[in-house]
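Colleague: Residue numbers (our numbering), protein chains in the order written: chain L, 242 to 372; chain H, 54 to 189.
Among the hints, a few may not be true.
[What the hints assert, rightly or not] Pair by pair, the computed Cβ-Cβ distance ranges are:
1. L:E370 to H:D128: 25 to 31 Å
2. H:L130 to L:F263: 41 to 47 Å
3. H:T86 to L:E315: 50 to 56 Å
4. H:H112 to L:S344: 28 to 34 Å
5. L:A345 to H:G93: 22 to 28 Å
6. H:E127 to L:E252: 50 to 56 Å
7. L:L292 to H:T85: 19 to 25 Å
8. H:D128 to L:R320: 36 to 42 Å
9. L:L264 to H:R159: 41 to 47 Å
[Said to hold, decoys possible] Under the rule of at most 25 Å between Cα atoms (straight-line distance), these lysine to any residue pairs were calculated in the SDA-like manner:
10. L:K359 to H:L164
11. H:K129 to H:R103
12. H:K179 to L:G289
13. H:K102 to L:T307
14. H:K102 to H:E134
15. L:K341 to H:R173
16. L:K279 to H:K102
17. H:K110 to L:L270
18. H:K185 to L:V340
19. H:K100 to L:T364
20. L:K297 to L:L311
21. H:K120 to L:V319
22. H:K102 to L:G313
23. H:K179 to H:T68
24. H:K100 to L:N321
25. H:K185 to L:S306
26. H:K179 to H:H138
27. L:K279 to H:R144
28. L:K279 to H:M83
29. H:K120 to L:L303
30. H:K102 to L:I337
31. L:K341 to H:I104
32. H:K179 to L:T307
[As the list claims (entries may be wrong)] Some chain H residues flagged as far from chain L (calculated, every beta-carbon gap over 12 Å):
33. S64
34. D73
35. K129
36. Y131
37. H138
38. K143
Keep in mind the hints are simulated off the structure, nothing from the lab. Using N, Cα and C, we set each Cβ at its ideal position, and we do this for glycine too.
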Amino acid sequence: MARKRRFKGGEIPTSSMADIAFLLLIFFLVTTTIDMDKGLGMVLPAEGEELEINKKNILNCLINSTGNVLLGGEAVEVRNLARTVRQKLVENDKLIISVKAHSASNYMDYVKVIDQLKQANATRISIAESG
Amino acid sequence: MKVNRKTQLDSEIPTASMPDIIFMLLIFFMVTTVLREYSGLPISLPKAKRIEKLKSKRHTSHIWVSKEGLVSIEDKLYSAEGVRHVMYEKRVADPQLVVSLKADERAKMELISDIHTELRKADALKLNYSSKTQVD
Chain L
242 MARKRRFKGG EIPTSSMADI AFLLLIFFLV TTTIDMDKGL GMVLPAEGEE LEINKKNILN
302 CLINSTGNVL LGGEAVEVRN LARTVRQKLV ENDKLIISVK AHSASNYMDY VKVIDQLKQA
362 NATRISIAES G
Chain H
54 MKVNRKTQLD SEIPTASMPD IIFMLLIFFM VTTVLREYSG LPISLPKAKR IEKLKSKRHT
114 SHIWVSKEGL VSIEDKLYSA EGVRHVMYEK RVADPQLVVS LKADERAKME LISDIHTELR
174 KADALKLNYS SKTQVD
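Kindly produce the complete structure, drawing on both the sequences and the hints.
Modeller: Now the structure itself:
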């Protein structure tokens, strides 16, 4: 028994199109993570590139295992480091800051120090091998 | 003199092009969505203020360092010495390589220092200490 089907104008309903698209849009909005990589930039010296530098132009910055900082022989609070370094840079613009961290010190303290030096606009930062 | 203003504005937002606009947005988000390929090690990044953004993802390679002292590159664990070979190959393949060091804030400087040395030996000199933005 064959039934006859009447075909009445085939059209896709477009009125709900916007809603469907909105749903998809919201899904992608929620799942998108625009995770930009950000951090403190640093350029390491090339291997074997060791220069003799006048002692006057070196400012030693030592970090101990508890996160205390010794800048040129004086203990300095980490949060005041930027100000102190900025002053020293005004006095001597050829100053190279040599950061030396104790091998048992935390990476967090090291990053804090580098961040402070960057805030003081110190461009010449040297990373000494920690002993 | 009175001016008779009877300009009736048709105040309806045209909705006919709405799906097109939304589809455009949709396609934008679909294209920008990155489903993470690998997640690295569980770490909590240190915080810093003077942060720079890394320009391109294509030239970036991550080194994960956990607080236990594990070093991972692209989901494989390495010793500090092993970093050199991997990074050297990457450096040869891409001279513009920037290494993003994703180290836990409690990682020890001894290991970080070893990685510095290895990166110098591998000639991968552009380094970025990955960190979160600090809010005062």
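Colleague: State for each hint whether it applies.
Modeller: Status of each hint after checking the structure:
no.	hint	in the structure
1	L:E370 to H:D128: 25 to 31 Å	holds (30 Å)
2	H:L130 to L:F263: 41 to 47 Å	holds (44 Å)
3	H:T86 to L:E315: 50 to 56 Å	holds (51 Å)
4	H:H112 to L:S344: 28 to 34 Å	holds (31 Å)
5	L:A345 to H:G93: 22 to 28 Å	holds (24 Å)
6	H:E127 to L:E252: 50 to 56 Å	holds (51 Å)
7	L:L292 to H:T85: 19 to 25 Å	violated (45 Å)
8	H:D128 to L:R320: 36 to 42 Å	holds (37 Å)
9	L:L264 to H:R159: 41 to 47 Å	holds (43 Å)
10	L:K359 to H:L164	holds (23 Å)
11	H:K129 to H:R103	violated (31 Å)
12	H:K179 to L:G289	holds (16 Å)
13	H:K102 to L:T307	holds (22 Å)
14	H:K102 to H:E134	violated (31 Å)
15	L:K341 to H:R173	holds (17 Å)
16	L:K279 to H:K102	holds (11 Å)
17	H:K110 to L:L270	holds (21 Å)
18	H:K185 to L:V340	holds (22 Å)
19	H:K100 to L:T364	holds (20 Å)
20	L:K297 to L:L311	holds (17 Å)
21	H:K120 to L:V319	holds (22 Å)
22	H:K102 to L:G313	holds (24 Å)
23	H:K179 to H:T68	violated (51 Å)
24	H:K100 to L:N321	holds (17 Å)
25	H:K185 to L:S306	holds (23 Å)
26	H:K179 to H:H138	holds (16 Å)
27	L:K279 to H:R144	holds (20 Å)
28	L:K279 to H:M83	holds (23 Å)
29	H:K120 to L:L303	holds (22 Å)
30	H:K102 to L:I337	holds (21 Å)
31	L:K341 to H:I104	holds (21 Å)
32	H:K179 to L:T307	violated (28 Å)
33	S64	holds (20 Å)
34	D73	violated (9 Å)
35	K129	holds (20 Å)
36	Y131	holds (18 Å)
37	H138	holds (15 Å)
38	K143	holds (15 Å)
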